[in-house]
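Asker: We have chain A; now place chain B onto it with these hints.
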Amino acid sequence: MQKIGVFVCHCGTNISATVDVKKVAETLGKEPGVVYSTDYQFMCSSSGQNLVIDKIKELGLTGVVICSCSPRMHEKTFRKAADKAGLNSFLLEMANIREQDAWVHKNREEATLKAVALARAAVAKVHLNTPLTPGSSDVNKRALVIGGGIAGMQAALDIADAGFKVDIVEREATIGGTMTQIDKTFPTLDCASCILTPKMVDCEQHENISLVTKSEVDTIEGYVGNFTVKIKHKAKYVDPDKCTGCGLCIQKCPSKKVPDPFNLNLAPHTAINITFPQAVPLVATIDADNCLMIQKGKCGLCATVCPADAINYEDKDSIEEKKYGAIIVSTGFKPISLHNFDEYAYDNSPNVVTSLEYERLMSATGPGKGTVLRPSDGKHPKTIVFQQCVGSRDTSGRGKTYCSGICCMYTAKHAMLTREKYPDTDVYVFYTDVRSPGKGFDEFYRRAVEKYHVHYIKGAIGKVVPMSNGNLQIQASDLLMNEQLHIEADLLVLAAAMEPDKSAKPLAQKLTASMDNDDWFTESHPKLRPVESPTAGVFLAGACQGPKDIPQTVAQAGAAASKAIGLLIKDKLQGNPCVAHSDENMCNGCSQCANVCPYGAITYEEKDFRMPDRTTLVRRVASVNPAVCQGCGACTVVCPSGAMDLFGFSNKQILAEVDALCL
Amino acid sequence: MVYSYYPGCTLKNTAKELDECGRISAEALGFTLEEITDWQCCGGQYTSGKDEIVTKLSSVRALDDAKKSEQDLVTLCSACYNVIKQTNNAMIEDSDMQMKVNNYLKLDEPYKGETSVYHFLEVLRDKVGFDKVKEAVKAPLKGKKVGAYYGCLLLRPGKVLQFDDPENPKIMEDFIKALGGTPVIYNMRNECCGGYTILEDTDAAGRNTSKILLNAEDMGADFLITACPLCQYNLMQNSLSEKTPIYYFTELLAHALGLREKECFK
Numbered sequence: 091m092q093k094i095g096v097f098v099c100h101c102g103t104n105i106s107a108t109v110d111v112k113k114v115a116e117t118l119g120k121e122p123g124v125v126y127s128t129d130y131q132f133m134c135s136s137s138g139q140n141l142v143i144d145k146i147k148e149l150g151l152t153g154v155v156i157c158s159c160s161p162r163m164h165e166k167t168f169r170k171a172a173d174k175a176g177l178n179s180f181l182l183e184m185a186n187i188r189e190q191d192a193w194v195h196k197n198r199e200e201a202t203l204k205a206v207a208l209a210r211a212a213v214a215k216v217h218l219n220t221p222l223t224p225g226s227s228d229v230n231k232r233a234l235v236i237g238g239g240i241a242g243m244q245a246a247l248d249i250a251d252a253g254f255k256v257d258i259v260e261r262e263a264t265i266g267g268t269m270t271q272i273d274k275t276f277p278t279l280d281c282a283s284c285i286l287t288p289k290m291v292d293c294e295q296h297e298n299i300s301l302v303t304k305s306e307v308d309t310i311e312g313y314v315g316n317f318t319v320k321i322k323h324k325a326k327y328v329d330p331d332k333c334t335g336c337g338l339c340i341q342k343c344p345s346k347k348v349p350d351p352f353n354l355n356l357a358p359h360t361a362i363n364i365t366f367p368q369a370v371p372l373v374a375t376i377d378a379d380n381c382l383m384i385q386k387g388k389c390g391l392c393a394t395v396c397p398a399d400a401i402n403y404e405d406k407d408s409i410e411e412k413k414y415g416a417i418i419v420s421t422g423f424k425p426i427s428l429h430n431f432d433e434y435a436y437d438n439s440p441n442v443v444t445s446l447e448y449e450r451l452m453s454a455t456g457p458g459k460g461t462v463l464r465p466s467d468g469k470h471p472k473t474i475v476f477q478q479c480v481g482s483r484d485t486s487g488r489g490k491t492y493c494s495g496i497c498c499m500y501t502a503k504h505a506m507l508t509r510e511k512y513p514d515t516d517v518y519v520f521y522t523d524v525r526s527p528g529k530g531f532d533e534f535y536r537r538a539v540e541k542y543h544v545h546y547i548k549g550a551i552g553k554v555v556p557m558s559n560g561n562l563q564i565q566a567s568d569l570l571m572n573e574q575l576h577i578e579a580d581l582l583v584l585a586a587a588m589e590p591d592k593s594a595k596p597l598a599q600k601l602t603a604s605m606d607n608d609d610w611f612t613e614s615h616p617k618l619r620p621v622e623s624p625t626a627g628v629f630l631a632g633a634c635q636g637p638k639d640i641p642q643t644v645a646q647a648g649a650a651a652s653k654a655i656g657l658l659i660k661d662k663l664q665g666n667p668c669v670a671h672s673d674e675n676m677c678n679g680c681s682q683c684a685n686v687c688p689y690g691a692i693t694y695e696e697k698d699f700r701m702p703d704r705t706t707l708v709r710r711v712a713s714v715n716p717a718v719c720q721g722c723g724a725c726t727v728v729c730p731s732g733a734m735d736l737f738g739f740s741n742k743q744i745l746a747e748v749d750a751l752c753l
Numbered sequence: 100m101v102y103s104y105y106p107g108c109t110l111k112n113t114a115k116e117l118d119e120c121g122r123i124s125a126e127a128l129g130f131t132l133e134e135i136t137d138w139q140c141c142g143g144q145y146t147s148g149k150d151e152i153v154t155k156l157s158s159v160r161a162l163d164d165a166k167k168s169e170q171d172l173v174t175l176c177s178a179c180y181n182v183i184k185q186t187n188n189a190m191i192e193d194s195d196m197q198m199k200v201n202n203y204l205k206l207d208e209p210y211k212g213e214t215s216v217y218h219f220l221e222v223l224r225d226k227v228g229f230d231k232v233k234e235a236v237k238a239p240l241k242g243k244k245v246g247a248y249y250g251c252l253l254l255r256p257g258k259v260l261q262f263d264d265p266e267n268p269k270i271m272e273d274f275i276k277a278l279g280g281t282p283v284i285y286n287m288r289n290e291c292c293g294g295y296t297i298l299e300d301t302d303a304a305g306r307n308t309s310k311i312l313l314n315a316e317d318m319g320a321d322f323l324i325t326a327c328p329l330c331q332y333n334l335m336q337n338s339l340s341e342k343t344p345i346y347y348f349t350e351l352l353a354h355a356l357g358l359r360e361k362e363c364f365k
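So the protein lines, in turn, are chains A and B. With this note's numbering applied, the first sequence covers 91 to 753. With this note's numbering applied, the second sequence covers 100 to 365.
Extracted from the complex, chain A is given alone in its bound form (with noise of 0.2 Å):
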């Protein structure tokens, strides 16, 4: 006989206030196989788990239901009050009637029966609840860190340093990522090179990391401790063990007008190519559709000059398989494409350039060698106006509607170097509103104004007409003083909207990780797990969660990566004992399981079976390895013959529950 205990929780007046908690414990207490029914006020409070304790032992209580939030939120801590009872944790069973009951409804008589009814469908769970223990697997140790800029360094740099090896698998030739390109930070306006490349050295000459760049992630297999990870080299067409980059190779190529991506495309470079002087690793690669020799079979000469002997045109992509325990994605961002924003003349002026290019111009590496020229005629120019929000905040459905949270700090930081560099410039910036809530952000954008003599204006541009010689014709709106401005600039510099880097949608679904409708990852709790994805052993690093700056994103790299040491320094993880099982002898071999799976978790055995008149049967079933089902169900569903069932999730059980919520 099942002596069932239920507690129902008032959760302050989370509950109470729409649910008549006392009736619900009155109600629940006359159902069969419960012995015990009581309300109280904060459940999850340590007296709350006491009391839930004390129970099971004084009454002896063979299950447990506890009316009150989600399981996501308290299910572990009522498990572990029951474990400490000396009741095996899947005994006990949650009804939500918080997030969907008393948060969702007005009316508190339908409010109350419906708690009863949830209340009802989980003590009919309970009297079918098996005790399940859960297995354990192995931790590999050794982390993969998806992305090189500025957050895979940070958590990769933090994991090592706690003694466990990383990889970080970058896409492009160095690693770095976009605060490369970057010119200043704000609001401190020191240098952003100064700051980062002795931190790409730090992760070159850590012992625990090791750089694999110009690669990418094939495929991902496996689960949280245990992930097999395909990864991907590309060609680089020079050895990087023997190149010294001494450069020879990079004067002597005849290639020298492919655009490059580094200078996001203001000027080119040589098809045989360093990204930038202080690149990591320092190794020459060869943009393989710009290169004479590889396309036409003429030239050869980066391999005539090189003293290292490194040059090999015959170079080819090649797979590597790593395991690791833990993966930390720091795929990052990039600014929209503005085609839809033709209004800017982007495409039709040279002179119309996006912030990202403007850090070029600025650069003491980019194509003005630290003077700013405009693109159209090498001339300084003297009027430079720049936009705000191009594509944030958009509901026009051209752009994004989130604040891209970064421009309003680079642009008040484009506009006072600009004006300290150049004080004989007239700077004007059109802006939507002024958002500056980070330390010392503020103060930074009103010296824009006050100290640098910024034109800040609320309003925007309408329309950018291109001159033939080069200015711009600019018409805006003053919304404070409601009137046209005109204006004839030289420079126009847009603040585009950040996006997720275009290889982070496959990344997920490698990964199956969640995205949201914008495509950055989502994590496991927005406040309370802001740096775990919801995917057991993935960690989410920087501006692939979603906007943010350097110091935010250095800071959740730090975070990602302590919630991947942790993973990392146990030698065992408990698993999920809720997985999907296979009865034999009613499995018919279908294949249909294995088909919707998608972890690849069942797999199909020959399997010889005893008939009863003694003859031996061979039969295909098929079988679920544990450690890599997840415990989703969808094999339950597609069985046709009801062989495939799920631990704690049974068919029966979820027929009981439905039975209780419907009769």
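If you're looking for bench data, these hints aren't it; they were derived computationally from the structure. There's no promise every hint is true.
[Claimed, not checked] EDC-like mimics (lysine to aspartate or glutamate), calculated; alpha carbons at most 20 Å apart, straight line:
#1 K742(A) to E674(A)
#2 K93(A) to D173(A)
#3 K553(A) to E151(B)
#4 K276(B) to D173(A)
Answerer: Coordinates of chain B only, in the frame set by chain A:
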């Protein structure tokens, strides 16, 4: 291919060239513009009033005529195109408008927006193909720098007309390229000429058109082409500059196809 053709009033008066050159060019390119019988004025800008159905009736009659002939409807005039396509869209999207118009017209079968509306340029781009136009060219406009002037009515509202990108259109530039000319991109090409404000405030229209023409001249255009009689009138009459002549795009087409030679295009 035969299209139901809606010329509009101006094309029968001041803009005869636009109409005639369009028709003969169509024949040369393998399609026919069959004029709708008993068409009435599209109503010009008065149809933009959302709460008025009477101004929409003539457009719906033309659309229904094309529907009965099982033909797509084609216009040459930007304003007629704008009015008829917007009215057609209202007949699809606005069920209240659809009911009222049909109650009033008492057609044999209610009109529900079945007809497709195209501008002549769209026919060249999407039905004939600019590559085919290029093949048919007999007198290519070598060395001519031509500025396309779109005005507003061909492009806006972009979501309804879906003619081209309203901020950076290229259909007329592609048209000019097909005829062997060099298109001149100038960003004022999609700005308003002033439209009917010329009746009340000549200066306002003059200011707009001057800016447009100065920009086109600055970017090096020898002359401009347009699809709109009102734009052409405003640009010609009110511009402070007289250096840049304005022609209808069909005049350029008929010349390039060798149908109607014009000295100024040589």
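Asker: Would you check the hint for K553(A) and E151(B), treating anything up to 20 Å between C-alpha atoms as holding?
Answerer: violated (32 Å)
Asker: Hinted pair, alpha-carbon criterion (20 Å max): K276(B), D173(A). Please report holds or violated.
Answerer: violated (80 Å)
Asker: Would the hint linking K93(A) and D173(A) be met if the CA-CA limit is 20 Å?
Answerer: holds (17 Å)
Asker: Taken at face value, is the distance from the CA of E674(A) to the CA of K742(A) at most 20 Å?
Answerer: Cα-Cα ~18 Å, so holds.
Violation of the numbered hints given earlier is confined to hints 3, 4; the remaining hints are satisfied by the structure.
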